[in-house]
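Enquirer: Residue numbers (the numbering used here), protein chains in the order written: chain A, 17 to 247; chain B, 19 to 320.
Just so you know, the hints here were simulated from the structure itself, not pulled from any lab data. Keep in mind that the hints are not guaranteed to be accurate.
As the list claims (entries may be wrong) - Quick list of the computed label-pair ranges, beta carbon to beta carbon:
hint, chain 1, residue 1, chain 2, residue 2, range
1, B, 28, A, 32, 25 to 35 Å
2, A, 88, B, 251, 21 to 31 Å
3, B, 251, A, 111, 19 to 29 Å
Because the structure is a prediction, the values reported are computed rather than measured. Glycine included, C-beta positions come from ideal geometry on N, C-alpha and C.
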Amino acid sequence: MIRFEKVTKTYPGTSAPALDQVSVDVEKGEFVFLVGSSGSGKSTALRLILREARPTSGRLIVAGKEINRLAGWKVPRLRRQIGTVFQDFRLLQSKNVAENVAFALEVTRHSPREVKRLVPQTLELVGLADKAQRMPDELSGGEQQRVAVARAYVGRPMILLADEPTGNLDPTTSMDILRLLERINGTGTTVVMATHDHGLVDQVRKRVVELDHGRVVRDVARGTYLHQGQD
Amino acid sequence: MRYVFTNLGQGLRRNLTMHLAVVLTLFVSLTLVGIGTMLWQQTERVNDELGNELQVTAYLCRDKDSNPDCVDEVTEPQREAIEAAIEDNPEVASYVFEDQETAFEKTKELYPEEIDRFEGPNAIVRPQDLRASYRITLKDPRESEGILSAVRGLDGVASIQDQRELIGKITGVVDFLRLVSAVVALVLGISALLLVANTVRLAAFARRKEIRIMRLVGAGTLYIALPFLLEALVTALLGVALAGGALVATQYFFVEGWLFQFGGFPWVGWDELLLAIGVVGVTGPVVTLLPTLLLTGKYVKV
Chain A
17 MIRFEKVTKT YPGTSAPALD QVSVDVEKGE FVFLVGSSGS GKSTALRLIL
67 REARPTSGRL IVAGKEINRL AGWKVPRLRR QIGTVFQDFR LLQSKNVAEN
117 VAFALEVTRH SPREVKRLVP QTLELVGLAD KAQRMPDELS GGEQQRVAVA
167 RAYVGRPMIL LADEPTGNLD PTTSMDILRL LERINGTGTT VVMATHDHGL
217 VDQVRKRVVE LDHGRVVRDV ARGTYLHQGQ D
Chain B
19 MRYVFTNLGQ GLRRNLTMHL AVVLTLFVSL TLVGIGTMLW QQTERVNDEL
69 GNELQVTAYL CRDKDSNPDC VDEVTEPQRE AIEAAIEDNP EVASYVFEDQ
119 ETAFEKTKEL YPEEIDRFEG PNAIVRPQDL RASYRITLKD PRESEGILSA
169 VRGLDGVASI QDQRELIGKI TGVVDFLRLV SAVVALVLGI SALLLVANTV
219 RLAAFARRKE IRIMRLVGAG TLYIALPFLL EALVTALLGV ALAGGALVAT
269 QYFFVEGWLF QFGGFPWVGW DELLLAIGVV GVTGPVVTLL PTLLLTGKYV
319 KV
């Protein structure tokens, strides 16, 4: 589903690459934690997958498309197959919960019938069916992140990218969000989650890819946040 | 499309003062563009309709002529030489010789109430007081230099009158007004372009969160740009409508209500007004859509 083949990304004006000869293969339906300290290259990896930036060298294939060769006008179609969740939720404050979720469908030209069908279904999945008419500022942090997850998933993407989705949440709420992502993963959606959250990674024991200074220093199935001899 | 139209309304309300500035600037500049177009057509119309009737007249010397270019009445060989010069000139379409008797009759007809000056015992004007002349019609009334230089100075020619010089004074004024309106319209057009650019920048900033989300969820560039383009189109159409109204008012109250009293002159009419409105109708959207397209390409690029 996502294949990095010796991918290097160097930003203009910097000498050290943000990603350095990264090779990682993520299969369809996998759940992968991307861990590493700040500046290790996690966000760059997600930006490359979203084609917000292009690799400087190497090959990156996402949902069967080679990112380096993807024409600009085909980028929106790629992004419709990728849902994205961020630490800061990025909800539109002027729209209520249902409208925020529907927004992702409306601007990608889904029919009103599909919007009517998919939005309540997705709100049900994230446990916010009873808060559809609430405004974002009337929700807790965890609930706001659920709305963001609903918005990312409402178009039924093949891949869901989560960039520090629990960074602003308490441990219990973080675990709720992780369970939600696991449930989405259970529907066959590939999930890549960049995180700093030791507790979460250690509790669920999924595949862990660790980046350090742009290099993959660890890639283990059922791993923990920190390297333990047995990995 | 619901999103696009909801955003169009929001965008117009959010930047109301900016949009009003754009509409008013467009209104004035487009009105000037329209007036310029009508002035241009006015010149064309004068040249087309009067130009073909314009003649070059070579007046010949008469008996005891006081004109310093004349020694005496034109002689037959001199007249033949003048006629040959006219005949040989490639610019000449046709010519008519008008003798003194015909000139006398025509002049008499021009002043019917003063007929006693031409006939009867008190007559003071006689045929020999008038000049015989060659009335020359040109193939192209704008090309009169050749015939003027060919005939001017020939023995027996008293003077030459080019009717185009009279028309030239009128078209000169019109041309000057046209130039002034073009310059002012250009300056205001640039102001409108800059105002539109600024409006797009403000709107893109106000919608930056939405645009960011739209890009992430896979909305196409054109779709993201559509509310901006529609806003530009709406302001353009308002500007065009106001300018069109001003042009219709100018035609109705100024040209037909006032200028038409100076009859016998081919003033611009409703056909010319329609063309001017057409030019304004195309220029307005171009002025607003062009910077919007360029800038949204920059701000909303996926």
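Enquirer: Decide, hint by hint, whether the structure agrees.
Expert: Right, here's what the structure says about each hint:
1. 28(B) with 32(A): 25 to 35 Å: Roughly 44 Å apart at Cβ, these two residues miss the hinted range, so it is violated.
2. 88(A) with 251(B): 21 to 31 Å: With Cβ atoms ~25 Å apart, the hint holds.
3. 251(B) with 111(A): 19 to 29 Å: Holds: the Cβ-Cβ distance is about 25 Å, inside 19 to 29 Å.
Against the hints set out earlier in the document, a violation occurs for number 1 only.
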